[in-house]
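**Q** Chain by chain, the residues run as shown.
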Amino acid sequence: MNAKQNEHLEALQQIRQLMERSSRFISLSGLSGVAAGMWALVGAAVVYSYLGISPFNHRRIYYRQALEVEKWGMDYRSFFVLVAFSVLLLALTSGIYFTTRKARSKGQRIWDPLTQRLLLNLAIPLLTGGLFCLGFYYHGYIGFIAPSTLVFYGLALVNASKYTLNDIRYLGIMEIILGLLALFYLGYGLEFWAIGFGVLHILYGTVMYFKYERAA
Amino acid sequence: MKHISTRLNQAFDHRVRLGIMSILMVNDWVEFTALKEMLEVTDGRLASHIKALEKENYVEVRKRFVSRKPNTSYQATELGKKAFQEHLDAIEQLLKDMP
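Chains as they are written, first to last, in my numbering: chain V, 1 to 216; chain D, 1001 to 1099.
It is worth saying that the hints were derived from the structure and are not from the lab.
Accuracy of the hints is not assured; some may be wrong.
Said to hold, decoys possible - Capping the alpha-carbon separation at 25 Å, the derived lysine-lysine pairs in BS3-like fashion look like this:
#1 1069/D <-> 1082/D
#2 1096/D <-> 1081/D
#3 1081/D <-> 162/V
#4 162/V <-> 211/V
#5 4/V <-> 1096/D
#6 106/V <-> 1036/D
#7 1069/D <-> 1081/D
#8 1082/D <-> 162/V
As the list claims (entries may be wrong) - Stretch-level coverage of chain V by chain D, calculated; a stretch enters the list once three of its residues show a Cβ under 8 Å from a Cβ in chain D:
#9 32-46
#10 143-150
Every residue gets a Cβ at the ideal spot worked out from N, C-alpha and C, and that includes glycine.
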C-alpha cells in the first residue's frame, strides 16, 4: 500500500466517523440499562411480595389476586401506581446520571439537537402506548396493559435506534416479541414484564457497556 | 488512471473541508459552534474553509437571532451533496484501481 492510498483510506474513515458521530447520540451508557433493569426487578419483587405469590407457579391471574389483597396500609391500586412510578423515576434518574457521566467523560454535549431528536422519536410511540394503556385501564382490560407496554416500548426503541447506537434496535425487537407472547399468555403479564424491563435491560446494558465503554 | 484522478474535486482537497461536508451530508442546519467542536478547529480556520465551500455554492448559510444572540447555521446544497458524493465515488474508484 502506498502513501497516497493510505491517505485516501484515512480520509474515508474520517468521513464515515464524522457522519456517524454527528448524526447519532452515542453517549447512551450501558450502565443506565443495567440500572433500569435492576429497578424493574426490584419493583416486580415488591409486587410479588405484596401479592404473596411467586413467579411462574401461579396459574391464577395476578390482578384478580390483587383485588383480594390489602397490605401495608394500601389498596392494590395505589400500591401498583406507587411502585410503577417509583420504578420509572428511579430508572430515568439513573439513566440520566450514567449517560451524562459518559458524555462528560468524553467531552460531548448532552443537550444538543441530537439528544432532542432522539427523545422526540422515543417519545412518540411511548406516549401513544401510555395513552393506549390508560384506555385499557379505563375499560377494565387490565390484562392487556403489560403486553402493550412491552410492545409499545419495543416500537419506541426500534424507532429511536436510528438516532443512537444501533444495538437498541435489537433490544426493541426482542421487547416486541416478548410483548406479543405475553398477549397470548395473559396472566403471566408480570413475569413477561420483569423479563422485558428487568432481565433484557440488564443483559443489553452489560453487553453495550463491555462493547463501547470498557474498551474505550 | 489519469481520467479518474481528474474527477477528484479540488474544492474538497482538505481535511477540514471533507469534515464539514461529511457532517452536512447527514444533518440539516448545523451551527457554527457545533461544527467547530466536532472538527476541533479554530474559528478562523473553520470560517475560511466554509467560505471556500460557500463560493462553490456547495454550502448555504443561515444567520438569525436565537434569544437575541446571533446564530449561524450551515446546510449542504443539492449541488454540494452531489459534488461530494462524486468526490467519494472517485476516491473509492482510485482505491480499487490501485494495486
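**Q** All hints, please: hold or fail.
**A** Hints versus structure:
1. 1069/D <-> 1082/D: With Cα atoms ~33 Å apart, residue 1069/D and residue 1082/D exceed 25 Å; violated.
2. 1096/D <-> 1081/D: holds (23 Å)
3. 1081/D <-> 162/V: holds (21 Å)
4. 162/V <-> 211/V: Holds. Residue 162/V to residue 211/V sits at ~19 Å (cutoff 25 Å).
5. 4/V <-> 1096/D: Since the Cα atoms of residue 4/V and residue 1096/D sit roughly 13 Å apart, the hinted pair holds (cutoff 25 Å).
6. 106/V <-> 1036/D: Holds, at roughly 16 Å.
7. 1069/D <-> 1081/D: violated (29 Å)
8. 1082/D <-> 162/V: With a Cα-Cα distance of about 23 Å, the restraint between residue 1082/D and residue 162/V holds, given a limit of 25 Å.
9. 32-46: With 0 residues in contact (Cβ-Cβ under 8 Å with chain D), the coverage given for the region 32-46 of chain V is violated.
10. 143-150: Check failed, 0 qualifying residues.
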